[in-house]
Each structure stands twice: as structure tokens, then as C-alpha cells.
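Chain A is already provided as a structure; the job is to place chain B on it using the hints.
In the order they appear, the protein sequences are chains A and B.
Mapping to the numbering used here: the first sequence position 91 is 188, numbers consecutive.
Mapping to the numbering used here: the second sequence position 49 is 62, numbers consecutive.
Hints should not be assumed to be uniformly reliable.
[Stated by the list, open to error] Distance condition first, Cα-Cα at most 20 Å in a straight line; then the derived SDA-like pairs of lysine to any residue:
no.	chain 1	residue 1	chain 2	residue 2
1	A	K229	B	V291
2	A	K434	A	R195
3	A	K359	A	R195
4	A	K231	B	F323
5	A	K434	B	A121
6	A	K434	B	F323
I should point out that these hints are in silico values taken from the structure, not numbers from a laboratory.
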Amino acid sequence: MTGSIGARIAGLVAPVIVALAATIGLLLLADAPPFEALKLIGEGAFSGKTRFADTLMAWAPVAIAGAGLVVTFAAGLWNIGVEGQIVAGAIAASLAARTVPGDRGLVLTVTLAGGVIGGALWGGAAGVLKVKGKVNEIFGGIGLGFVAQAFATYLIIGPWKRSGVASTSGTEPFRPETWLPTAFDTRLAPIAIGLALAILIGVGLVMRGTRFGLRLRAVGSNPASARLLGVPADATTMRAFLVGGGLAGLAGAVIVTGVQHKLVPAIAGGRGFLAVLVVLLAGYRVRWVGPIALFFAAISVGSSQLQLRLDLDSSLGAVIQGLLVLSAVLFGGWFAKRQGLGRQT
Amino acid sequence: MEATLASIVAAAAPLIYAAVGEAITERAGIVNLSLDGSILLSAMAGFAVAFTTGNVGLGFLVAALVSAFVALMVAWSGIRLRLNQVAVGFILTLLGAALSSYLGEGFAHQPGPSVTSAPIPGLSKIPLIGRAIFGQNLSVYGSLILVVVTAWFLARSRIGLQLRAVGERPEAAHARGINVNRHRYLAALVGGALVGVAGAAFSLDQKLGWSDGHTAGFGWIALAIVIFGGWQPIRVAIGCYLFGALQVVALRLQDDLPGLAQILPSLPFPLMIFALVVVNSAGLRRLLTRSPRLSRWLLPEPPAALGRNFVPE
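Extracted from the complex, chain B is given alone in its bound form:
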């Protein structure tokens, strides 16, 4: 049980970076659809840098810069060129995947450095949850801290409230003197950097090394979890742990169901998407109309200005 919990918390860590990062970006009204390609590119870049220099931290840094740059392109093309963010994001998804494959060829299937385990003495001995929360490494601790900090940041901090205003009612935010597009650039950069950290958290920790299409699919899952989690960091994290649990279960079942061994690891992906479908379904919506409070909690609305470019007059 303790080991299972610990492996779920660890498996979910990269997804948490990506999904919480995307939630920040979307809260400000920018949709960065490039995640699947962006994570592939940063996973490759992070591993390549750590492999070449032997410095894992530098790998994380470069990975963050790579995906922040990708996110910046999405934001810039929407804000400056007034292009469709979904279109540019989709093109970058494919371009990122192709680039990771082309540039990463020399680093494929090589043993390389990884994040070292750093259990916290004492605390990691707490029964049941000690190992899951305090028996991990810096990459996993970071994911836990990120959830708490982002939840506070979006709900309480001044700049967090401004970001949300920019994503909900950009005209009103503009009228109150908030620089809408500067906030959106900031949200895209921060969110993008976290997406890059997710890539490195895969290739340097949870899915060690690099191979063609190493993290393919995880970007789409992260995007789906943002919706599933209603753009709220804590619920987004719950979605990530749910997916991590599905992954761990699928892995365990491989021994029991050898006939399905090859497709079991891919099953959590459709399951997660269809969890989103059920949550979003019209039937559930009808059921919940009787209780507005429960409905608001279970079926949050997306940021009102999501994906809509804002042109200050």
C-alpha cells in the first residue's frame, strides 16, 4: 500500500507540472494547445543537456526555456498577429514532435543521469503517507509544492486575481488599468516553463532517457485534465493522481493479463478522456441543475475569454 501510494505520487509528478502550468496559462485566456509536442521537445532537450553536461539541474533549466519559448510563440501569434491560438498550437504540437525526433536521434536509448532520490529523514517514516510525500526526490517534491503555491497564487495573490480577470473579462480588466496582454504573456511564459519542467521530469526522472515519441500522448492528457479539474490547481492535481493511479494499475495488471500486456499501458489515455466526457455530459448537467452549489463545484465553466484575442482600443 505504501509503495503503491508512493509510485502514484511519483508517476503523477510530470503531469502535474504540465497540467498546472497549462491551467495558469488558460486562466489568463491563452490556450496553449502545443503541449504534446512541447513536452516531447523539452523532454528531449532536458535529457540531451543533462547527458552531455552531466548536470541534471541544467537539463531542467533548458527544458523550461524550450517550452517557455514554444508558449511564447503561441501567445505572440495570438496577441500580436491575432491568429487563432488553436491553429498555431496544433502546428507547434506537430513541429515539436518532429523536431524532438530529428534532434534527439543521437540521444535515443542511451543511459543517462537522473534526479537523485532524497527522502526526508524522519518524516518519510510516517505510516501510510510518509513515503508517498516525504520519500521522493526534488522533482516530485516540487510538484507537490507547485500545487499548493499555485492554488494560493490564483485564489489570493494580487497578480493571480489580475490574471483571472484578464482571462474572464479582459475589457473590464483593461478599463481598470490592467495591461491585459502583458499579463497574458506572463501567464504563457510561466505556464510554458512549467510544461518544460514536465518534459524534464519525464526524461530525467519518471520515464528515464529518450526515445522516439518518448512522452507522446501525455500532453493531450494534461490538456484534458485541465478541463477535468475545472482550471483549479487542486482539482487538476486530483485528476493527475487519478491518471497516475490508472497507470500504476495498468502496469500491475500486465503480469495477470499477458494477452493484453502491450495495450494495457495505453488504456489510461482513453479512460481519462472519457472521464472528462462523463463529467461534461449533458445528462450530468441536467441532474445537477437542481443543486446550483454542487453544480458550480462539479461543473466549472472555462475562463470566459479563453482563446479569444484581446485588442486594446
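Okay, chain A solo, but in the shape it has when bound:
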């Protein structure tokens, strides 16, 4: 590690202070009591087991999709299509939940696996566009995201509409066998949390100690020289998209089975984009994805309290998240540059 301990602490504290100051400014602009609002966000996320369970259930999909993004980022890919891959996974999971008969164990297994397959298909499509069609993954991913979103809306108002009414509020809830079992009289589904933890650890192990992880990083840092050294660059890129998409799809299936219990148009609800922010703030390292995702999930869940209690728009949560990542990245660049200059002289 470069830099003194002091500089590293400054690198952590400075962006938080700047983001906090900007948030307080925005609250004052809206004539809201800033400290009460911040306190409400904290309480909204953590006070009582119900709220804490909601925060953990908001955390799981972001952490799972974030783990997938660590894989694609390692291969040097901007998988912004993650949002559409979550939608595709949610559609596939809904299809399974609607059609597969049998008991809970079987249905849930098929539904979650369906999510992985749906997301991997969508991620794989972005990969084919990139590898075969030379289409930048940002635009391929955004385009595929538009398709997935339009398809979800079509299913909700068309073939899967509620009996009698065609409404964009969502399909009929799926049968209870397709719901992840909950614990502690809350919405907490231990399976979702367990899956997220297992995937965070699994991706960490793969990135650290396997040939695939090594190849990913080789392709990510320099595709041309990786190819010269015998690393199959295109195949590695495709695998990264399949893994990243599959995990995003699993996140979509977790949202369907653990949170919504039906398909709604905003099924991804920006969670994929949020996961990109989390991974950027984590510096692309998987061990930081879990904690940062938890912090961000707390901001998202907590800020929904603002609407009820202070009549503030709940989008303040997204503003705080964006400000945090922006100031962290800018300060990161600033500190790095100062250290670089120090070395030169």
C-alpha cells in the first residue's frame, strides 16, 4: 500500500464530510431540519427488527449483482447492462414461478436457477455484441436493457395481466410456494442473505486463487498482450459476461421471490445501477462490496421514511449515494495525483 496511514484516513473521511455537507445544504434548501432528516434515515434503516430486515433484503440483490460486476470490471468491461440483466432474470424467474408445479423446495430451486439463466442469456447477448459485433458493451447493455424492460411491461399488461384488469401495477402475486421462507416475523429471507454471503465469498476466492481469476485480470489490464501470452481473450470476456449476467439474474430472482412476490415494471428499480456505484466506491475489490452495499441499502431504505415523516422526496437517498461516490472518486484522484507528484520531485 502506498501513502501514509494519515493520507489513507483522509481519503476515507474527506469524501464523507463533503457528501454530508452537500446533503445538509440540499436539506436546508428544501427547508427541512437537516439533522432530524439524517437521524430519520438512520432510524428508518436500523431501528427495530422489521426495518433491519428490510435493509438486509434491500442489501442482498445489490450485493449479488455487485459481486457479478466485480467479475466484469476485472475483465475491463463496463457492464452497465446489469440493470437489464436483473430484469431478464426477474422475467425468467417469474416464468418459472408461474409454471413449475410441485413443492416449495423444487419450485424455488427452479425459480432461482431460472433467474441465473435469464440473466446469463442477457449478459451473454451483450458479450456476443461486444466480441462478434464490436459493439461497446455500454451501448449493447443499455439497448438490451430497453428490450428487457419493454418485454417486462408487455408481459404485465398483456399475457400475464391480472384477471380482468390490465394495469402497470404488476402481475397477480405468485403462489406462496414460490416465496422465499422468512424468519423472525419479518420479511427477512435467510436464504437470500445466505446466497449473497456465499457469492461474495465465492467471487473473492475465484478472483484470488483460480486460473479464471488470473485470466480475467490479464484480459482486463491489457487484452492485446494477454492474447500474445496465450490467454483466450474473447472466451474470457464471454465468460465474464455470463457470470456477471448470471449473478445479476439471480439478484432479479431474489427480488421476485424474496421481496415483490410478483413481477412489477420497475422490478430492477435502479438496483443494478446502484450496484455499479457500490463497486466503483469499493475500488473494484469484492471484500468491500458487502459492507458498502449494506451502507447504501440502509440509505435507500432509510430515506423512504423521509417521505412519510418530513414530506421530503425519497430520492434524497439516491442523491446522497451519488454524492458519496462522486466525492470519493474525485478525492481518490486528487490524493493519488498528489502522491504521484511527491514521488517525482
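Only chain B this time, still in chain A's reference frame:
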């Protein structure tokens, strides 16, 4: 027919501001990925100012300043801090969208002022194209003029050629005494201001008013059209009119296909992106290798130094 042409030209106007603005920025080597959030923020700000003051022109001005500031942040973080422009642009995309939603809450679903129609007497009576080109308002006329002026500016003017040199071969431009990063700041500011004008052209003209996520998606389309149009203003404009036509068709089909009414307006977005895919595809590239001239026209290369930060020695 005349009415359809006129509505296509009008519908494409905001996109033209955004896509031509981004083309200028990218030609100088800076990629401003923040468009989707930046347009949302400027659309909201432009409407809020015009709503509060009753002055539409002031709305456009503030919108331009807002998005110029966003673009400046992208350029500054790349040039001064040597950060990845794509990363900063993406963060600003999300932050801009969130801010527009938070700050715009009080202005949502309110009737407000708009750009007044200003047909040019006589000329607007020309058969077929008169109404499309001369029967519009200042915002749409501006988009037409912008395309012509930018095409000339990039191809012929001294500073336009310098901007392109900075985006293609910054080292060579630097060696010839051009201040690379000053030119890049300028291109980002001008391009960003035009992105802001696009926002106001939505909320004060083509998609009146403000609502949560009012212009979501259009920024990505503008970015895609810049590639589709090969970074050349006139071809970029053709891409915008193509998208405008798709929008108008989708709107017309709504009555015929009531089952699809809710998703039809969103279909032009994937269609446009996949038009880009076909244009970019390896198959088309192979087909065109036999004719280098046609290939150069159909498959232009991006500015060589796009997104690469330049550090003068």
C-alpha cells in the same frame, strides 16, 4: 405528409442539440457519458426557472449553464485528476437523475410556459418542406442552424480543425503549439451547454413540463446517435431524424395496436441501439472491405484519442 414531416423535425430538435453537442466534445477527445442525467437535470432546471420567472429564454440559459457545469466536472476530473472519464460520467448520470428527481418534486405535473410558435411568413407555405423547416419555433430553428454551423465549424474553421487535432493526435497537436487541454475544456463547455439546451428544448417545447424521469433514456440515445453518425454533425442529425420518425410512427400506431400502446413509445430506444449494432457489425465491415471509400463513409472510426487523458510533458 406535411404535418408528419413537421412533427419529425420538431421531435428530433432536442436530440440534435444533445447529440451534436456531444459530437463536438468527443471530437476533442473527451467522452461525456453523463448525458442521460445531465439532460434530466437541465430539463428540470430550465422548466423550474421558466415556471418561476415566466421567462422561457432564461430557462434555456440556466439549463445550458447547468449541463455545461456537469460537462466541466467530467473534463476537469479527466484533465486535472487523470480519472477515468467514463467512471465520472456514469456517476454524474445517476447523480443528475437523482438530483432532478429531488429538486424537481415541487415542479412536477404543473402547467408552465413554453416556446411560442413562430412560423416564417411566406417560406412556411412552400409545398412539402415549408412547414417542416419554416413553420416551427425558435428552438427548432436553432437545431437546424446548429447542424449547419457545426458541420462548417468542424470541417473548415481554424479552431474546429484544432479541436479535431486534439482529439485525434494530442501529442502532435501539443508539439505544434496547440494547448490541448484548454481546447478540451472549451469543447466540453460548448458541448455541455448544448446538452443543457437539449434539456430545455424538451421541458419547454417538445415534452412540456416536468415529471420524475421526464427525459430518461434520451441521453443514452443521443450518445448512441453520435456513434451512429460517425461524429459528423450532418450524419448525427440524420440519426436524430430517424429516431424522431420512429417516435412519430410509434405514436401513430398506438391507436391501431391498443394492446401494445404502453410499450410502443419505448420501442424506438432499442431499435435505435440495434441500428447502431448493425452499422458496427463485423459482417458489414467484412462486406465493405472491398470498397475502402464506401467503408470510410459508412464506418467512420472514433477520434483516436477519445477518452484518453493527455498529460503535457
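Checked hints:
1. A:K229 x B:V291: The hint holds at about 11 Å.
2. A:K434 x A:R195: Violated, because 54 Å separates the two Cα atoms, which is more than 20 Å.
3. A:K359 x A:R195: Distance ~10 Å between K359 of chain A and R195 of chain A Cα, so the pair holds.
4. A:K231 x B:F323: violated, 25 Å
5. A:K434 x B:A121: Violated, at about 42 Å.
6. A:K434 x B:F323: holds, 14 Å
Hint compliance for this structure: hints 2, 4, 5 are broken, all remaining hints hold.
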